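First to last, the protein sequences are chains W and A. First residue of the first sequence: 2, per the numbering used here; consecutive thereafter. First residue of the second sequence: 20, per the numbering used here; consecutive thereafter.
No wet-lab data here; the hints were simulated from the structure. This one's a predicted model, so the numbers in the text were calculated from it and none came from an experiment. Every residue gets a Cβ at the ideal spot worked out from N, C-alpha and C, and that includes glycine. Hints are supplied without guarantee of correctness; some may be wrong.
Unchecked claim - Listed next, the stretches of chain A that the computed footprint assigns to chain W, with coverage defined by at least 3 CB atoms under 8 Å from CB atoms of chain W:
#, stretch
1, 120–131
2, 138–146
What the hints assert, rightly or not - Here are some of the chain A residues that sit facing chain W, going by a computed Cβ distance under 10 Å:
#, residue
3, H43
4, S92
5, F95
6, Y96
7, E97
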Amino acid sequence: MAIEVRIPTILRSYTGGAKVVEGSGESLNDLLSDLDARYSGLRARLVTDEGALHRFVNVYVNDEDVRFLGSLDAKLSDGDTVTILPAVAGGAFGFAAAAAILGHHGTAGSAPAR
Amino acid sequence: MRSATPGSRDGPVTGAPTDGRLGHVLSIDRSIIDAIVAHARRDHPDEACGVVAGPVGSDTPTRHIPMTNAARSMTFYEFDSMEQLRVWREMDDRGEEPVVIYHSHTATEAYPSRTDISFAGEPGAHYLLVSTRDPETEEIRSFRIVDGVVTEEPVRVVDATVDPNAVQSYMFGQSPTTVDYECSGR
Chain W
2 MAIEVRIPTI LRSYTGGAKV VEGSGESLND LLSDLDARYS GLRARLVTDE GALHRFVNVY
62 VNDEDVRFLG SLDAKLSDGD TVTILPAVAG GAFGFAAAAA ILGHHGTAGS APAR
Chain A
20 MRSATPGSRD GPVTGAPTDG RLGHVLSIDR SIIDAIVAHA RRDHPDEACG VVAGPVGSDT
80 PTRHIPMTNA ARSMTFYEFD SMEQLRVWRE MDDRGEEPVV IYHSHTATEA YPSRTDISFA
140 GEPGAHYLLV STRDPETEEI RSFRIVDGVV TEEPVRVVDA TVDPNAVQSY MFGQSPTTVD
200 YECSGR
């Protein structure tokens, strides 16, 4: 089952520079595990230690944000396109407070680029 | 004419991309800067945000795209995820990339906060900050943010509204129509 996955610039170091890769899986969770087998480290950039989708990235299945599709449980079908984009956010607010607002509890020290 | 050479730098320059694509100065058209500042003033006291797209690899911002601040906050901004998907796809279709990502700080200086640095996910982009804390003063600064390392760069505002290629001819010549915003050297 082939699913097209579009990789943003900041994560292409994991895919040997590839902008589009293919993977398989019946859910987003399965797909990310499948990709991680070939592109080691990619999954950890998208999923927190607690097993939730990272707040710093947006993931879409076709035209829908996966947060509206059950996040990592989002179902995938052959021919779907998964797009990953870095969330664009910031502001003058203190980081800890912003992270709390965003529901990013307990991981305020783990910047995405680490 | 004042020099566009960057002043002293804080962080290691080695954190920057080494492919030579990014210059050490952001050259941007006066009309785009005016539109960004107008957007920031309009949304004040909330933070405003947006993108300036340009042809891939050109390092030239040409198309201003104001974005909705989904957070509608005085101290935080966030692109709406669906609007971002639409705009990023549109850039992809047109052979463009986000050359500039901008937002405003409405009560503090135009310098990246820790939040800005933590979220910065486009290593190829110029992060432009506008402060609207003073209604009379235009406060604009530009940074690259790569792997958590912030490098300020000068902003050169160019009056070249007719022919975008004219920007290039101004780069090395004398021009009374350019304005260089020096780095503050902090």
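Structure-based check of all given hints:
For the stretch 120–131 of chain A, the stated coverage by chain W is satisfied: 7 residues place a CB nearer than 8 Å to a CB of that chain, which reaches the threshold of 3. Here's how the stretch 138–146 of chain A fares: 6 of its residues keep a CB closer than 8 Å to some CB of chain W, so the rule of at least three is met and the hint holds. Interface hint at A/H43: violated, since its Cβ lies 20 Å from the closest Cβ of chain W, which is beyond the 10 Å cut-off. Given hint, A/S92 at the interface with chain W, holds; its Cβ is 7 Å from that chain's nearest Cβ, closer than 10 Å.
Restraint check, A/F95 versus chain W: the minimum CB separation of about 4 Å is within 10 Å; hint holds. Hint status for A/Y96 relative to chain W: holds, with the closest Cβ pair at about 5 Å, below 10 Å. Evaluation of the A/E97 hint against chain W yields a held restraint, the C-beta minimum of about 4 Å falling below 10 Å.
Of the numbered hints stated above, the single one contradicted by the structure is hint 3.
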